[in-house]
Structures are given as C-alpha cells and as structure tokens.
Amino acid sequence: MKINFNLNGNDRTFETEPNEKVLDFLRRIGLKGVKRGCETGDCGACAIILDGKIINSCMLYTGQIDGHSITTIEGLGDNQNPHLIQETFVDEGAVQCGFCTPGMILATKALLDKTPNPTLEEIKNGLSGNLCRCTGYVKIEKAVVESAKKLGGKNV
Amino acid sequence: MKKENIKSVGRSVKRIDAEEKARGTSLYVDDIKFPGMLYAGVFRSPIASGTIIKLDITKAKKVKGIVTILTYKDIPGKNLVPVVFNDQPLLVEKEIRYVGEPICLIAGESKEIIKKAISLIELTVKERKPVLSIKESLKSKKAVNPEYKDNILQYYPIERGKVDKIFKKAHLIIENEYETNYQEHAYLETQGMVALEEMNGIMTLYGSMQCPFYVQEGVATVLGTDYSKVSVKLMTTGGAFGGKEDVPSIIGEIAALLSKKTKRPIKFTLSREEDIETMSKRHPSYTKYRSAFDKDGKLVGVDIDYYLDGGAYSTLSPIVLWRGVIHAIGPYDCGNVRINGYAMATNKVPSGAYRGFGTPQIIFAAETQMDIAAEKLGLDPVKIREKNCFKKGSITSTGQVLKESIGILDTIKKGKKSFNYSERKKNTEKFNKKHKNLKRGVGVASLFYGVGLGARGGPLQKGSALVSLFKDGSVQFSVGTTEMGQGMYTVLSQITAESFGISFEKVHATRISTEKVSDSGPTVASRATFISGNAIKVAVKRLKKNLTEFMFKEKIINSMKNIEFKNNNVYKNGKKLMSFTELAMKAWLGRVKMIEASWYLPPETTYDIKDGQGDAYVTYSYVTNFVEVEIDLRTYRTQVIDLFSSEEFGNVINPQLAEGQIEGGNVQGIGYALFENTVLSKGKILTNSFSTYTIPTILDVGELHPVIVEKKFKEGPFGAKGMGEMPLMGIAPTIGNAIYNAIGTRLYKVPFTPVEVYEEIKDR
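Quick mapping for you: the protein sequence lines, in order, are chains A and B. Start counting the first sequence at 5; every next residue gets the next number (the numbering used here). Start counting the second sequence at 3; every next residue gets the next number (the numbering used here).
Since the hints were derived computationally from the structure, they do not count as laboratory data. Worth double-checking, as some hints may not be accurate.
Per the computed footprint, the stretches of chain B lying under chain A, defined by three or more beta-carbons under 8 Å from a beta-carbon of chain A, are [said to hold, decoys possible]: (1) 26–34; (2) 409–417; (3) 611–621; (4) 656–663.
Calculated lysine-lysine pairs in the DSS-like style (CA-CA distance at most 27 Å, straight line) [stated by the list, open to error]: (5) LYS16(B) to LYS154(A); (6) LYS113(B) to LYS25(A); (7) LYS113(B) to LYS128(A); (8) LYS25(A) to LYS35(B); (9) LYS146(A) to LYS16(B); (10) LYS16(B) to LYS543(B); (11) LYS25(A) to LYS66(B); (12) LYS6(A) to LYS543(B).
Between beta-carbon pairs, the in silico distance windows are [what the hints assert, rightly or not]: (13) THR123(A) to ASP634(B): 40 to 46 Å; (14) SER132(A) to TYR229(B): 34 to 40 Å; (15) ASN14(A) to GLU551(B): 56 to 62 Å; (16) THR123(A) to LYS543(B): 50 to 56 Å; (17) SER581(B) to HIS72(A): 52 to 58 Å; (18) THR123(A) to THR512(B): 40 to 46 Å.
We put the CB at the ideal spot given by N, CA and C, even for glycine.
With the sequences and hints as input, model every part of the structure.
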C-alpha cells in the first residue's frame with residue numbers, strides 16, 4: 005500500500021506493507037536514529053513525534069501515519085548545526101551510551117513545544133515514558149531545564 | 003599568551019562522542035548492513051533439565067528463505083564458550099541444563115522467516131526434575147553438571163585470627179540470614195554482532211561488547227581457526243554494566259559460525275525478551291552472617307557463609323565469588339574473620355558479571371548487620387562506621403596493610419555534612435509525628451572496592467595502548483578497553499592530551515579493535531581509566547623521549563635534561579624552544595619514530611588462594627551513602643527523597659563524567675533495592691520485558707547529590723583510581739537501613755518491594 009505523510013518537514017510517499025511497524029519502516033528507509041530497545045512500547049528508544057505528540061514507533065503500523073506529520077531525530081537541527089536541545093544535552097552531560105538519547109531529545113522537544121516553561125513535575129511526566137539506564141536522569145532533567153531557559157519560551 | 007596554562011585533566015570537557023549520539027548518527031551494531039547480509043536466530047531449550055531424545059529439523063529447513071540450520075555436529079572447531087573453567091558448550095549435544103540453552107542455529111533472509119522455521123523444529127526430550135535454587139542445589143543428590151559432583155562450581159575460604167574464640171567471649175553477637183534476587187543489566191541496546199569474512203579470509207566481527215579479545219578467542223575456538231584469522235571491532239555500545247563482558251562471545255560465535263557456513267555476512271541481534279531470558283545477570287545470593295562486637299562497638303569477629311546462584315555453567319562465577327568474598331566484611335579492620343564462599347550450580351541461565359561483581363549482595367548483609375549492631379549498642383549508625391572504618395595502616399580481611407589513598411573516613415565525614423545528618427534526622431522525626439500514613443527515615447552504609455582485576459585477574463592484569471603522533475602535531479590513540487557509554491574515550495583523550503601538554507582538541511580516540519592492540523583483558527572492574535590510562539602514559543613518555551633525543555641529535559638542545567612539554571609548546575629550562583606542532587613536523591622530516599605501542603603492568607599482588615591471605619588488589623575506592631526515604635503505609639511503597647553518595651576514587655579526571663557515573667550507578671542501585679524483581683516458573687524467566695521487569699523511570703529516583711572526595715593515588719594516571727561500579731553497590735543496605743529508621747521493620751531480602759515490606763510488617 006501507498007502512504008503519504010510529512011516526514012521531517014517534507015511531504016513524502018512510500019510503499020509499505022500494512023503490517024509493517026513504523027519503527028521497522030523508518031529504519032528500513034535509513035533513519036537509524038530511531039532505536040530498537042524493546043518493541044513492546046516500554047522504553048521510548050524508538051520514540052518519534054507524531055502531530056506534536058511523543059509516541060513509540062514500535063507501537064504503530066505504517067497505515068496509522070498516512071496523512072500525518074512525523075519528526076524523527078534526523079529532523080532536528082541541520083547538517084551543520086545541531087538543534088539547541090541537542091546541543092544542550094551534550095553540554096549538560098546528559099548523554100552516556102546514547103541509545104536513549106534520540107528518544108529523550110524528541111520527548112523534550114514535544115514537551116517544550118507544548119509547554120515552553122515547564123515545572124519540574126511537568127518535565128518528569130513528559131520524560132517518564134523514556135527509559136535511561138546510564139545517567140540516573142539527573143543531567144537529562146537539567147538539560148531540559150536549560151533548554152527551556154535558552155529557548156526563552158519560544159517554540160523552535 | 004604568557005599566562006596560558008593548558009589543562010585537560012580535572013576539567014569537565016565535553017564528551018567526544020556526545021554530539022553524534024545526540025544527532026542519532028552514531029552507529030550501533032543494528033545500524034550497519036552489508037550486501038547479501040542474512041539474519042540469525044536460535045532454537046532454544048524449552049525445559050530446564052533433561053536429555054534430547056530426538057531433534058528433527060527437516061521441516062524447518064524447507065521454509066523458503068532459510069539458508070542453513072546448524073547443530074553442534076556442524077561446529078568445525080570446539081563446541082565451547084571459553085571463559086574460566088571451559089565447561090559450557092555453545093550448543094546442546096545431549097544434556098539440557100537450562101531453559102533457553104541454544105540447540106540449533108538458523109540463518110535466513112529475515113527474522114520473520116527464522117521465527118517460522120523455529121516453530122517447525124521438532125524436539126523430543128526426556129525431562130528431569132530441575133535444581134532451581136541455592137537451597138535445592140545444596141540439598142540435591144543429583145549434580146546439575148557431572149563436572150561438579152556436589153554442585154559447587156567454586157569455593158573460596160578466608161581464615162584469619164581466632165574466630166571461634168572471639169565469638170565465645172564477644173559482648174554482642176548478631177546473626178542473620180540474607181537473600182537477594184537477580185538483577186538484569188537492562189542496557190538499552192540489546193546484545194548484537196555482525197560477522198563476515200573480510201579481506202584475506204579474516205572473520206571480522208562488529209559488535210557491542212566489553213572485551214573484543216574474549217570474542218576473538220570464542221570465535222577462533224568454534225571455527226577451529228587461528229586467532230590471527232579473527233578480528234573483532236567495537237561499534238558504539240549502548241550500555242553494558244557487566245552484561246557484555248563474557249556473553250558477547252556467545253553472540254559472536256553464533257554469528258561467525260553461520261557466516262562461515264553460508265559465506266554471507268550475518269547479523270545476530272537479540273530481542274529484549276530473548277536477551278532477558280538467555281543472557282547473564284547478577285547472581286542471586288543467600289548469606290548466613292554472624293558478627294561479633296566488643297562493648298565499645300568495635301567489630302571483633304565475622305563468620306560468613308556466602309552462596310551465589312551460578313546457574314548451569316561456571317562462566318564468570320569463580321571470579322564474581324572471589325570479589326564478593328574479599329569485600330564481605332566491608333571497609334573495616336577486623337582481626338578475626340572466617341568466610342566460606344560458594345558458587346552453586348542450578349538449572350538456570352548462567353549468572354555473570356554485573357557492576358559490583360558479587361559485592362552488592364554481600365554488602366547488603368554486612369551493612370545491615372552494622373546498622374543492627376549500632377542500635378543494640380546504643381551507638382549512632384554513623385559513629386559505629388567512623389569507629390571501625392579503615393585508617394592508614396589498617397589491615398583488610400586478607401591481611402593487606404593499607405598504606406595510601408584511604409578515603410573512607412573522609413567519605414563518611416563529607417557525606418554526613420552534605421546530607422546535614424543530625425538536622426535531617428530530627429526533621430524526619432517531626433515529620434513522622436505529624437503524618438499517620440507517611441513515614442520518613444534516614445539510612446547510611448559504607449563500602450570499599452578493589453580497583454582492577456586484582457590477584458584473581460592473573461594473566462589479564464595488563465593494559466595496552468597504541469599512540470600515534472602526526473606531523474601536524476595531532477595525536478590518535480587506541481587501547482584494549484572499550485567505550486560502552488561510560489566516557490572512556492573522553493577520559494583517555496584527556497589523559498593523552500595532558501601527558502603531551504597539548505590541547506584536548508588535538509587528541510582523537512579511534513575505534514577499539516583486536517587489530518590495533520594486544521589482548522589486555524576486559525573492560526570491567528572499574529579498571530579502564532587506571533589500566534589504559536597508564537598504558538597511554540607509557541606510550542607518550544616514549545614518544546616524548548624519541549622527540550627529545552631527536553632535538554639533542556639535531557643540536558636544538560645541548561642536553562636532554564629539564565625538557566618540558568606543556569601549553570602546546572616544548573621548553574628547556576623553562577624557556578620555550580618551539581611549538582609542539584613545529585617539533586612534530588621537524589621530527590617527521592627527521593624520520594623520528596612517531597608511533598608507540600605500549601604495555602603497562604600494575605604492581606604485583608600477593609594473595610594466596612589457599613588461605614585467602616595476601617594483597618588482593620593494588621588499591622581500593624571508598625563510598626559512604628546517606629539516604630532519606632518515605633514509605634507510604636497504605637501501599638508499602640518506598641520513595642527515595644534525597645540520596646547523597648559520598649565517593650573517593652583518587653583524583654578526578656572529568657568531574658561531569660564522574661558525577662554521571664555516580665548518578666547512573668545510584669539509580670541502578672535504587673532499582674536493585676526497591677523494585678527490580680525477576681520471577682521464574684520452572685526455571686523460565688517470566689519477567690522478560692520492561693513492563694514486568696521494571697527499571698527506574700525519571701519519576702522513581704528522587705533527588706541525587708554526588709559528593710566527591712579526592713585523594714591522590716600515586717600509581718594512578720594523574721592520581722586516579724577507578725569508580726564505575728561503586729555508585730551502585732551500597733544503595734540497597736542504605737535504603738534498607740532508612741526503611742528501618744522510618745518504620746522499625748528490618749528487611750533481609752532484596753528487593754524491598756511493597757509485598758516484601760508488607761510480609762515483614764505482617765510477621766512482626
């Protein structure tokens with residue numbers, strides 16, 4: 005079947021099998037920043053932004069993104085410059101093994117787009133679907149706080 | 003420019019691999035693909051113990067897209083996963099010893115096709131009653147493995163002083179039994195390897211691991227080929243925590259066997275379910291612990307029986323157990339010690355390495371005992387630790403005299419102050435008077451930990467490095483230890499830069515590979531900074547010598563004394579000669595040797611395996627944790643409020659990375675203490691996903707406050723020791739002691755799930 009959707013800002017058309025998971029599909033077309041952590045919707049490593057909301061791509065079939073808009077980690081920043089949230093994660097030491105990082109950064113983006121000045125509780129809730137086994141979350145939380153400050157309430 | 007002072011060590015430089023990881027472009031094993039690549043799968047045992055009567059793969063072989071199915075008969079070399087005792091076959095020949103044990107290997111065009119083939123393999127077995135716990139293993143007349151008739155995979159004793167005599171006259175004796183469950187590493191990236199024959203017929207593996215040399219040995223063993231025909235290269239590794247120490251050999255052997263047979267590249271990655279069910283994990287434990295104190299609160303005698311559940315094969319149990327035994331009494335000087343440590347065989351997946359390596363289990367017992375003693379003696383829990391802890395000249399349970407860099411008392415004092423111990427204790431008491439259903443408490447626990455492999459590391463106690471200087475003055479290096487997320491590339495780049503006196507930005511770490519450096523053991527035991535850092539220092543020293551000799555030969559200097567490399571320049575008698583870049587170019591033109599492969603051997607240890615006496619490790623790191631918790635008496639759920647982990651691990655190379663290790667380790671410790679709970683049925687792990695085996699989320703961790711104490715260790719690179727594992731190790735007893743402080747219920751079983759807390763309260 006053919007699906008049409010907006011991928012990282014561009015309207016695209018792809019041929020897919022109806023039973024193909026979005027995680028597998030995105031990795032098949034080369035978006036390897038979408039990570040396979042559990043395939044049961046528990047870890048958030050494969051998270052993408054679907055119409056502004058953070059969602060685990062292992063829990064979606066390709067048919068479900070037809071006509072929608074999605075952002076993957078590859079859609080943040082450009083070839084020369086990383087997005088401010090990406091930069092802030094690096095500066096704050098929020099990256100260790102890096103496997104949860106794309107999902108964490110996208111969860112942060114989805115949160116700050118909707119809630120530009122989040123409380124700590126809102127940050128924790130916003131990131132509660134993303135598991136990290138390395139950092140203990142302290143520096144990730146700090147990176148979100150700092151990103152919000154730097155963005156100054158603007159959506160980027 | 004005069005005041006310029008280039009420093010790399012001691013600064014929180016940015017991780018060199020963070021930006022590519024934040025962009026999502028860093029390549030992990032599952033992200034690579036080769037033309038014609040096939041996928042791999044494994045047909046595994048559904049039972050815990052039995053004999054294979056018949057195995058029929060004919061139907062499975064006919065599935066379209068299946069390229070090959072292998073049994074043990076198809077292994078060209080030895081059917082073996084080499085670790086310590088070499089008792090584990092890669093594939094079952096006849097006897098099945100655990101659920102999930104590999105029987106057949108399958109290569110196919112896709113994972114779905116392989117799944118279908120697996121469902122068509124027919125297995126007939128004669129089932130036996132399995133041995134499923136330490137207690138069953140001790141009682142069982144039937145050996146899990148005929149090589150271990152009494153089911154003891156390994157035994158270590160320590161005997162020191164006059165234990166029986168001291169227990170007869172002791173003022174206070176405390177005797178309890180403790181149990182701990184498995185812990186799953188839960189690295190976010192599951193195990194994986196890609197294998198293919200590259201140029202000149204070299205079987206090349208790309209993968210996620212802690213020891214490429216182990217994988218090389220495993221692959222050469224099953225292929226029956228030379229080590230020199232196997233290369234192992236590290237991909238970006240998505241967490242390991244000990245879980246990628248030995249078992250990647252299994253993954254690599256499987257991928258290489260299938261690649262050899264099919265003549266095509268093979269990718270073998272595990273699903274989360276398969277990873278949890280069949281890979282190593284922290285040993286469950288059972289401990290009988292007797293402690294004797296005099297009336298002043300001095301620990302005068304210890305008598306311990308320590309049992310680990312090793313699973314069906316010995317794998318790393320001999321070494322895990324040894325480490326546990328060495329650290330069993332905690333960071334205390336006690337003259338009368340008897341420890342009997344046993345690793346027991348059971349019909350379960352082999353346990354293995356996990357951050358702390360046999361120590362968190364026994365520290366839980368030791369530090370709970372210390373807390374009980376404090377209460378019975380009317381001493382403050384912090385006081386009793388201050389009184390008993392190591393000082394300069396103290397003697398460990400193996401008779402090792404401690405001489406240098408002993409930070410335990412400093413971690414207690416600095417931790418206590420940062421935690422605001424006395425004030426906080428009063429505040430919790432006030433809080434508890436006000437609240438009926440919420441109770442708060444504070445807890446403390448201390449520990450020490452041997453850095454590096456120690457005496458039982460034997461031939462693996464060595465570090466290797468390759469350092470290469472280019473004519474533009476920039477530097478590349480590689481080492482034998484791996485980057486798995488902890489930040490080794492960055493820390494070693496800092497050490498390289500500092501050793502050369504050049505800017506951090508001029509140094510670049512390259513991919514870890516068996517092709518670059520010689521076998522220098524695994525990336526474990528908190529050893530990478532110490533062992534590889536020192537190997538780098540050796541190489542840089544030689545390169546600087548080459549450059550100095552060249553300057554002398556060229557009459558740039560009239561003697562080789564008082565030469566300094568710093569601030570991107572070279573100085574003689576404090577006067578600048580030229581920039582480092584200029585010297586590099588001159589040296590290149592002058593055909594100076596600009597590459598050095600180096601070797602570092604740590605100081606000798608003297609430990610004797612027979613009586614357990616002697617120097618066990620070169621040095622130790624120290625931790626004291628302070629925690630405040632809150633328990634909800636309606637749900638029995640425990641929440642950490644504040645955790646202060648006060649740690650001494652020599653001098654700090656990178657404060658931000660060190661904090662990251664402390665915070666991350668603390669949270670794995672919180673998970674271990676409170677809710678990571680493996681449940682099995684007939685030897686099969688039921689908690690095989692993150693919805694049933696729950697690890698901490700950002701909502702579960704409370705406030706973490708790393709407290710760093712620096713105490714230089716002269717033999718360490720720039721004074722550093724090692725610190726990767728300690729942050730996890732003492733969290734369970736710290737929280738257990740805080741729960742007791744809050745509600746007066748003592749917990750003897752990890753994890754302290756709400757059910758466990760309820761059971762203890764109910765029985766009281």
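- prompt: At a Cβ distance under 8 Å, does chain A reach at least three residues of the stretch 611–621 of chain B?
  reply: violated (count 0)
- prompt: Is LYS25(A) within 27 Å of LYS35(B), Cα to Cα?
  reply: holds, 19 Å
- prompt: Given the proposed pairing of LYS25(A) with LYS66(B), does the C-alpha separation stay at or below 27 Å?
  reply: Holds. LYS25(A) to LYS66(B) sits at ~23 Å (cutoff 27 Å).
- prompt: Would the pair LYS16(B) and LYS154(A) pass a check requiring their Cα atoms to be no farther apart than 27 Å?
  reply: holds, 19 Å
field: Whether chain A covers the stretch 409–417 of chain B (at least 3 residues having a Cβ closer than 8 Å to its Cβ atoms)
entry: Coverage by chain A is violated here, the residue count being 0 at a Cβ distance below 8 Å.
- prompt: Would the pair LYS6(A) and LYS543(B) pass a check requiring their Cα atoms to be no farther apart than 27 Å?
  reply: violated, 63 Å
task: Check the following: the C-beta atoms of ASN14(A) and GLU551(B) are separated by a distance inside 56 to 62 Å.
output: holds, 60 Å
- prompt: Does LYS146(A) pair with LYS16(B) here, judged by a C-alpha cut-off of 27 Å?
  reply: holds, 16 Å
task: For the pair supplied as a hint, LYS16(B) and LYS543(B), confirm whether the alpha-carbon distance does not exceed 27 Å.
output: holds, 26 Å
- prompt: Could one say that the CB atoms of SER581(B) and HIS72(A) fall in the range 52 to 58 Å?
  reply: holds, 57 Å
THR123(A) versus ASP634(B) beta-carbon gap, inside 40 to 46 Å or not: violated, 23 Å
message: Using C-beta distances, would you say chain A covers the stretch 26–34 of chain B, given that this needs three or more residues below 8 Å?
response: With 7 residues close enough to chain A, the hint holds.
Violated hints for the displayed structure, listed by number in ascending order: 2, 3, 7, 12, 13, 14.
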